[in-house]
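Colleague: The residues making up each chain are set out below.
There are 2 protein chains.
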Amino acid sequence: MRYDMADPVISETGTTRHAVQLNPMQVPKASDVLANELRERILHGDFPEGTALPPERELVTQTRMSRTTVREALRILEVQGLVRIKTGRAGGAFVQSPGEESIASSVNLLIRGKQIRLAALLETREAIEPACAQLAAQYRTDADLTRLEEANEAISSETGSLADFLQANVDWHIAVAIASHNELLTGFMLALSRSIYASTDNKGFVDAEVRRTTVLAHRNITKAIRAQDAGAAVRRMKRHVHAYAEAVMEVEDRTSIEVPRS
Amino acid sequence: MRYDMADPVISETGTTRHAVQLNPMQVPKASDVLANELRERILHGDFPEGTALPPERELVTQTRMSRTTVREALRILEVQGLVRIKTGRAGGAFVQSPGEESIASSVNLLIRGKQIRLAALLETREAIEPACAQLAAQYRTDADLTRLEEANEAISSETGSLADFLQANVDWHIAVAIASHNELLTGFMLALSRSIYASTDNKGFVDAEVRRTTVLAHRNITKAIRAQDAGAAVRRMKRHVHAYAEAVMEVEDRTSIEVPRS
DNA sequence: ATGATAGTTTAGGTAGGACCAAATAGGCGG
DNA sequence: CCGCCTATTTGGTCCTACCTAAACTATCAT
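Here the protein sequences line up with chains Z and V, keeping their order.
Mapping to the working numbering: the first sequence position 192 is 192, numbers consecutive.
Mapping to the working numbering: the second sequence position 193 is 193, numbers consecutive.
Hints were generated in silico from the structure; no laboratory data involved.
Treat the hints loosely; a few may be bogus.
Any copy will do: because identical chains look the same in the list, a pair fits if it lies in one copy or spans two.
Unchecked claim - DMTMM-like cross-link-like pairs, simulated, lysine to aspartate or glutamate; straight-line CA separation at most 25 Å:
hint, residue 1, residue 2
1, 114, 46
2, 223, 164
3, 238, 209
4, 238, 153
Every value quoted in this text rests on a predicted model; they were computed, and no experiment measured them.
Let the hints inform the model, and build the full structure from the sequences given.
Modeller: Structure (structure tokens):
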């Protein structure tokens, strides 16, 4: 749609007028404006991580906005994980770069809000995690291997409770993601694993048998990653998560899920 | 760590005291408390989508908090995409379920904030998109096919500007994701595509040749999806995005990227 | 001197009131 | 019945005051 200048029009009073045509315009909230400004500056790297923004009352004098508005803006940035706010003297808003946590929580919101099917979660994991394994095999460092081994040990203890097992399970999967050295994938996996963990928790299909198989699969995949055998890592991870998905879906039988709070 | 009750101690004044041991405690902000409460209720489904929360001033009387606090809480929910706030009479906070948008924006923040390498973005896409293609082949509806065809036509016009081409390109990829009928994957792809689009924009390696190849690849993949040939869809998509990634990286030569504003 | 303790200062957190701006509901006149 | 206008509701902004948290400082007792 185009809005052209209209011809001048003479009104009854004789004044020359131009019939201006205005499109419905959006008046952004003051706090959003401030928040956007600060966000851009932060992301642009104007303030290195850890530096403190000016105190609220000074932002007030600088921006000539009310303290309410300034505070709202800072709150927004806090929710988005761009600043961390500390109280007390020498407190204030400290710049930080949003971590995987922020992704995870927003993914969690999506999952809970849209009541995403467990099947979809598992599908997504089947898509992402083999790739993580591949990259992990390529780029893993010694520290990554250590983390994997630790998780493996924790998961192996036959005596642990179900919750312990599931937690160790999640830890291992996260460790693989971290080893991929791809922060995006890591963020996704973090969010996914937690949600899957949560929905698997009360399914109660994890028996001793499942635990043994899981431990074995993890060991083999870890071995492939250590050997930097990307092909094997992909293949085994693919089989592992697929088997898990199948097992879950067998128990599940197409039910809508409940993902508990974060 | 455990905190046990200590034995009673007699102070010099003769008063009987119990040396209570307190762990550093976190005093949550009032607005967070309210926000959490409302969030849980919303996600729990207490308010169906589209219903309006009570007006601010009524929440004030109900919660006995100040309006400032109530407003902050609502603002948080708005940022998280759980409510949409309208002004004016009959306005207020309307419940909505967080869409792919919220994921996309938070992923975008992560990418910009952590200065994620273009290589990592492409890696991630290589991980996700073949899976999208597979699922699309399985679950695509007629509407999905229509969307794919439309994007294909838009992209085919040799006369369009670079920006048009890239936009149509993104649209097609998104269409594939949508066809997968997996909202999580769709959200991821949405975020990814935009960022990749943005960073590819000023690389200027997209010439007529690249455009022809792209169109061709899209056509073939679309065909596979139409024919519900999951295997072919995966294979072709894999090759397509991999080729694209290789081409980009060749031009890129390991440079840190600049992803412009959302 | 030294170490505990009580102020002091600087920051964010909460409260409540006043007023502005947007948008609709509802009444009024044609 | 329709269009206009006003009244009212509801969010947006500002202001001012006061509370609380935390770090610094001076003071006082040992």
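Colleague: If a hint holds in the structure, say so; if it doesn't, say that too.
Modeller: Right, here's what the structure says about each hint:
no., hint, verdict
1, 114 with 46, "between (37 Å within a copy, 14 Å between copies)"
2, 223 with 164, "within (23 Å within a copy, 47 Å between copies)"
3, 238 with 209, "within (20 Å within a copy, 35 Å between copies)"
4, 238 with 153, "within (22 Å within a copy, 36 Å between copies)"
In summary, this structure violates none of the numbered hints.
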